[in-house]
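Respectively, the protein sequence lines represent chains V and H. First residue of the first sequence: 1, per the numbering used here; consecutive thereafter. First residue of the second sequence: 1, per the numbering used here; consecutive thereafter.
Simulated from the structure, these hints should not be mistaken for laboratory data. One thing to keep in mind: the hints can contain errors.
[To be verified] DSS-like cross-link-like pairs, simulated, lysine-lysine; straight-line CA separation at most 30 Å:
| no. | chain 1 | residue 1 | chain 2 | residue 2 |
| --- | --- | --- | --- | --- |
| 1 | H | K855 | V | K236 |
| 2 | V | K62 | V | K94 |
| 3 | H | K855 | V | K94 |
| 4 | V | K236 | H | K138 |
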Amino acid sequence: MRAMTVGLIALALVTACHAGDQYDIKVYPCPRAGGAITIDGVLDEAAWRRAPLSGDFTFYNKPELIEPQTALRMTWDDGHLYFGVVCTEPRLDKLTQVGHARDAREVFHGETIEIFVDPDHDQGLYYQFGINAAASIYDSVRTDPSWSADVQAATSVGEDAWTLEVAIPWADMGWAPEAGQVVGVNVCRDRYLGADRQWSNWSQTAANFHDPARFGHAVLSPDAMRLGELEAEYRKGGRTGPIVFEGPPALVDAAYRALARRSLDHSAELLAGIEGALAHDEQQGASEELTRRIAAYRTELSGFADQIEAGEPLPPDAWRQMTARLAGMRSELDRVIWEARLAALISTI
Amino acid sequence: MSRLIATLTMIALIAAAPCLLAQDRAELEVDHAMTLDYPTPHTDWAQPYAGEPTRVLLFCDGRGTNPRVGVELMQRFDVELEAVFWARIVDSPDTHWHGGEVGEQRMLDLLEQDWDCFLFYGIGMDNMSSEQQYKVLKPVTEGAGLVFVGVGDDRVLKDANQIADLPPILARGPVGEAWTVGQGRAVRMPWRPEIDYYEGWEVDYDYWAEQLGRAVLWAAGHEPQATMTLDVGPAHFDWNVTKNITLDHAGTIVGDNPRARLRVRRAGGPSIDLQERPLQPRAFTWQVGSLPAGDYHADAWIVSDAGVETWTSTPFTVTSDPRVGGVLLDSDWGEVGDRISGRAIVEGAPGPDDRLRVGLFDRRGRLLAQQTTPAAAGETRFQFGIEPWMPMLVRVDAALFRNPPGDEPASVIDSAYAYCRVTQRHRGRFNFLIWDTPSGTLAPYAEQSLAEHSVTLQLKSGNPPLMLSAFDIAWVPYTTRIMTPKTEDGIMEPFCWNDEAAVQAHVQAKAEDYIPARQHGVFVWSLGDEVTTTGSCLSPYCAEAYRGYLQEVYGDLDALNASWGTDFTDWAQVGLSREGDNEEANSLAEGNYPRWFDRQAFQSWNFVQFCRAYAEAYSAIDPLARTGFEGAGRFSAGDDLDLIIRSNGFWSPYPGVADEVIRSIAPRDFPRSNWMGYTKDADSLLAKYWRMVTRGCDAVWWWRWDCIGRFHGWLAPDLRPFPAVAEILEDTQFVRDGLGDLLLHSEMLDDGIAMLYSYPSTFACEVEDGPGYGSYESAHVAFHNIVRDLGYQFRYVTDRMMRLGEFEADRYRLLILPRIEALGPEEAQVIRDFVAGGGVVIADVRPAIYDGHCKPLAQGLLDEVFGISTSGRAAAAVGPAEPADGMTLESLAVDPTVTVTTGVARGEADGVPLIITNRFGDGAAVLLNFTAASLPPLGVADTPAAVADLMLDLIGRAGEHPPAMRLRTADGDRLRNIEVTRWQDGDIQIVSLFRQSGSRETATVVLPAARHVYDLRTGEHLGETARFQAEVVPCRAGFFALTGLPVATPDLRVEPASPARGTVATASISVAGAEGLHAFKVTARAGDAPLDWLDQVVIAGAEPVEFAVPLAYNDPAGEYTITARELFSRGDTSTTVNVQ
């Protein structure tokens, strides 16, 4: 019986791998506005300067950076979630600002920003706001445009970009925000001015923009510890890619460190459980193989622990690799435990 | 439809349409619901059960009819059941536990509950995680049951644990193999039998379902405490001997008052319940008399006051001499007016008084026609006429009788049958079409549910299964899917559309393949959905066809050279500007728009010619064939809508502006519809449904019959309509009660307003600065909304109609030109003549600045009409504008090149005139020198009322009367965001009020004069009034009938008054003094029992309209009540006949 158990554990350790895509999981520390914001299409309030700048928009159907790029800032207060989106546009002379009726499909027929908000982060009920360069609005709950919110939107046109400023009332989305909450968010851009129509997104989606499992995550006024303890929320929906914290370097480094520390502790607990089961194994050959692999895990964990506890800042890429590996390891160990239980059960039949 | 994913991805991005949606838990519960809401014929084998109820967790594929096995189990046994589906993700090749991560969590939550048995139906545990498998097997090892059907698991079903001597409950049948699994039990059954449709298939299935129930109850440890046996002796009997069936029993009876029941039955034959008896302590015997030859089961139960204690079933066979050797039809199908004929074969030696009856039965078992002759060995010929009232499937049954026919089944010696199909196409009525047909053994139950829930047509590739005939559903064969794959050399594969020999070989072979469909009855022949609707290639065939096309278009080479700027001296020189440039992209890039446009136009024409080849092939096998395509074709650049409509037999695009063109220019008998079904909530679905009705469609097409996940099928996995579908059925019942058919007999009005569709303009708007003015389509949509928001209706006319002299100038007072940037000289002259003759034309920006081949013009062709001069083509100037005194609009897209000559300007934007009016002959022209799409929409709340007033004033220049109906809010303002559509039915008007989205609102409807008003949703007569209140409910159209007189009671007659069974009575309806046609829903009852075979819509007016009342030989005698419910008033008129 134990031989089968150990064999299955070893097999699982060898073959276990992540499911799903490896797209970046974007996390945006969304600061509180701390002052009034006038929705006029100009991002000149202090709140916008405090909000981290994010970007790196990719093609909707492939995770490659797109040109021209789009820049994004978010902020919030008790009444609204705010978005400031700057759309770099080399063909600005071709831009026309044609207004359309509320919820008209034509809103999507030109230069348009699509904002998606999943306020309770359940990946089920979410809201879409399509706003074109003339600030015409389409809004819907999922795809039902009969829902409408008291959205304020304004645009402005600069020398090489057009800018959208939006305020979305929390109450209309049935939500009361609190610091520390995580909100599903994506911002997507429909661009018609180029030679080919371009669709791009801030957080990479799979088939189209209505993909709440692949929205990014805005955490309201978080500290580094809070950012680090929300990994389960970031990975909701089977996300297995690297977590990418936006924001000032110090906050990002501290957040990764908190995230990695928690993940390390969890992995160590799982390993200890498997080692406990191995202690009674009678098939030395298989056990030795498994023991060797577990030792390799321990070595890997130990290396990570040294890096985490050293306190030295690490480049974001290094953090991403480490935390992604820790998440993968946890997933593998989770599977191993159930494989072991199942094998043991079957051996009793 | 497998290609739908790409389309939907596009739509989702462009128009926020249906798309990949995460499913929440509540949605998954709806998808997985196993209800008894749709009961089907079954035997209550152990329902109610004296033993414990059994909790079953079912794992199966969630598609098709597979999940229904759970309901079938629940109907027959005392089973509480939940299901977990393995399902293909909609429009993808991927399969997964339904609901993805949420679905897997649902499964884990279910696995935390206590289950008596886990049932794996067609799927094993392979796709479960280790955790999920563990949580199934752990309770099994502790005593729960495990049943695999069609699958197994060697890890769990170990040889050492197989039970060699099966317990009696499993041995009978036999059910399958059995194992112990720890403290639990497991059964492995073979996959369910494949049972094709025939009358009696459900009996075969019933016995298989009984086996499944035994497996589940035994595995769960809930098998009966008592056992019983039935002894039928040799198991073979002559038909007319007495058959002894002996019951014995043992074991424990749980309840009081135990009794024994016995039934004998044959699939498709008699089912005889014998008298129930008190249970005896010893064996006892029933005696059964004569039975028609065939394979029977004797089924017995011991029941007590606690429920079914135990049951059993055993087969036996009845044979006869003489016997019926078969029925040989001369043809197994026929059109109305043809004959059903053939031979009945009698073998053996009939008795001197034996009779042979050949009868025609419907699927209900009604004997519609019969011929009886003395029975003689050998062949007996028969012949029946095929009548219009006959169902699409007729069972031609030959039966030998020893005693007088009618003493059935005891007098029947033997029988045999063959099916004959009656071709029906279901045209000329309002239909509901479903994509695909159910498959699997339970398919007929799904088909029956579809038929009972409004489905009249089905579409799929291949030929229709027999069950569609049984449920009177006509066919739309998806015969091909036209695409344009090409070789590396740019030649179409597998052949060029202009390779005549290859095309003919292909389409004729295709037609041969579809002969069974033609025999069944084809509503329309489909060339596919999401097809390519334009195309050409680099083959010599295409080159030749292109030259021929150009010759037809230009007439002579000089004209072509002038247009293209070429100097060809021979037509043979004419070809592409650059080798290999099939699209003439080079010409577009170089600004040679005519050469580019002509290639594009050729590609649309080329596609239409290819469609014609199919149409001719299908017409060769089906003279009434109508051929076209669906789910494809766009209003914007590429498709020549007029040409498609002229050349095809039907067209059902996705919802869009093309619908407006189809309803305007297609003949009324040209089938048209839209596909729908890509959301799940009733409101959004109803909005699509009612849009079709108000756009003059003659059917609703729904994708597809089954589906779970981000779309929903018409039927849920348990075969009841999904809850949203049930709501749709309720909301649209009055369409099926007569409105749908009546609208097909009525004419949609147009208020004398025509709108021009110009094929070359769809291209012209895409070149140079055109896109900066918005799309061609957005201009049309904007004008649609303006006209509708002001309470008017319109009809499209086309540039080709103008060229062909089909434009009926006298019919219209106003002609609207939305972004008609390209116009040929003939069309321009028609417009000039129209205005000069007194008509009014309204255009938005840039009228006729290109010719009919998109060649830029130095001066607009209609400048004189509009009283303007254009200085050239320039980018739109977008900014604030003042179109009228005191009216400032923030953003209008204006043509800055326009100057006024003879016109009168009104309003300006940065010095550019905005509205120019000009007298021209006896008429007038109005140029809106801005895009209609940039005008604030009249339907939204924050658009100033002055904008609507301005547009009403301009339309008023056409001599329009005020809108035929005015709708007001509670505050007396113009009701916004409402579509009013009127149909003329004689002197009756039928009116719909439709708000596609928005809020609920009460409207006051003001008529020009008092009329009798009927609310068709409620049947309420609102009196004779010029003003009434109407509740506008978003997504749901309201309908009203306006009549001059109150709706009169119709005259409903049936002749003769005392018809004999086996004859066809004739009913007629008329309405004395009717102002138009009325719709009647005709139903019938025999006593209190409804007769589902008479349920139809009859359209009648002042003249009597007759319809058949076919009385079957085996219908009950007595008083029948036939009722006609009038659509407008919901008034019932009934008459009775005394059926002899």
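Q: Would you check the hint for V/K236 and H/K138, treating anything up to 30 Å between C-alpha atoms as holding?
A: 28 Å, holds
**Q.** Holds or violated: V/K62 to V/K94, with C-alpha atoms at most 30 Å apart
**A.** 27 Å, holds
Q.
Would the hint linking H/K855 and V/K236 be met if the CA-CA limit is 30 Å?
A. Violated: H/K855 and V/K236 sit about 57 Å apart, past 30 Å.
Q) Keeping to a limit of 30 Å between CA atoms, is the pair of H/K855 and V/K94 held or broken? A) 23 Å, holds
Violation of the numbered hints given earlier is confined to hint 1; every other hint is satisfied by the structure.
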